[in-house]
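Position chain D relative to chain X; hints supplied.
Protein chains in written order, with my numbering: chain X, 12 to 191; chain D, 525 to 606.
No wet-lab data here; the hints were simulated from the structure.
We put the beta carbon where it would ideally sit given N, CA and C, even for glycine.
Wrong hints could be hidden among the right ones.
[To be verified] Each pair of labels, with its calculated beta carbon distance range:
#1 Phe541/D with Arg165/X: 33 to 39 Å
#2 Ala582/D with Leu38/X: 25 to 31 Å
#3 Ala540/D with Lys120/X: 40 to 46 Å
#4 Ala539/D with Pro96/X: 38 to 44 Å
#5 Arg537/D with Val52/X: 44 to 50 Å
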Amino acid sequence: MDTMMNVLPRRRSSLIPLALVCAFALLHGVEHCAQAAPLVVTGSAAPGFELPGVDGAVKLENYRGKLVYLDFWASWCAPCKRSFPWMAALQKQYGGAGLQVIAVNLDAKREDANTFLHSVPAGFTVAFDAAGATAQQYGIKGMPSSALIGRDGRVLYTHTGFNDADKAALEAQVQAGLKQ
Amino acid sequence: MARWAGWTGRAARLAAFVLIGAGASGCSMMEPVAPWQKGMLAQPAMRFDSSGAEGRFASHVYESKEAASGAGSVGGGGCGCN
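Next comes chain X alone, as it looks inside the complex:
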């Protein structure tokens, strides 16, 4: 009986740290799920960046007053490849009206991007971000992703993915953005 009295409280007290450990683990998991950077909010100021480009640095601030179609791409992403001729056409058609397409490359290796650009000429501004810091800032959820940044530097529209069906809606957004 004496041993029983000794054992029981000890066992029970050992459950408290166990419960704490489990609670910590659960909270840690929940917190981690919420941690993935959220997609940049429409209407908020677009996060600025300065990245190396094909010829010279590309700084978002320098495009204030223009409508910026910011695209995130990588050489291994097939829809990105399909979006390139479309973005080039967009730049050609609306460049005069104040549109600037900036395509941020997220390849880990610069050579991959160079090979891609050799086979698919851009026809618009390309910047390189091997670390993916800008993608993190904009909280992109897929490849490719794009953000339309208004003349005042605010995010007008965001889009994930690219296929033929998206073209009309994206172009309509560009046209609406140019009018602002």
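Just chain D now, with coordinates in the frame of chain X:
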């Protein structure tokens, strides 16, 4: 009683807590792979099927038999579909 006493018992208990904690948190301590970090997964060598046509045929049969689609690829691939 004697089993739990002493530093060996405490060490064993601590180890058990750490193990339970690690198990309960699962893989949540790992950083999720960002969409732009999936370059390796996009390599042709990472395909499960030997050819694109064969893969499309297999998934077509699967989708018509099971009335289900998706889950055959990596998310965030860019088509915007499932």
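Against the structure shown, which of the earlier numbered hints fail to hold, in ascending order? Failing hints, ascending: 1, 2 and 4.
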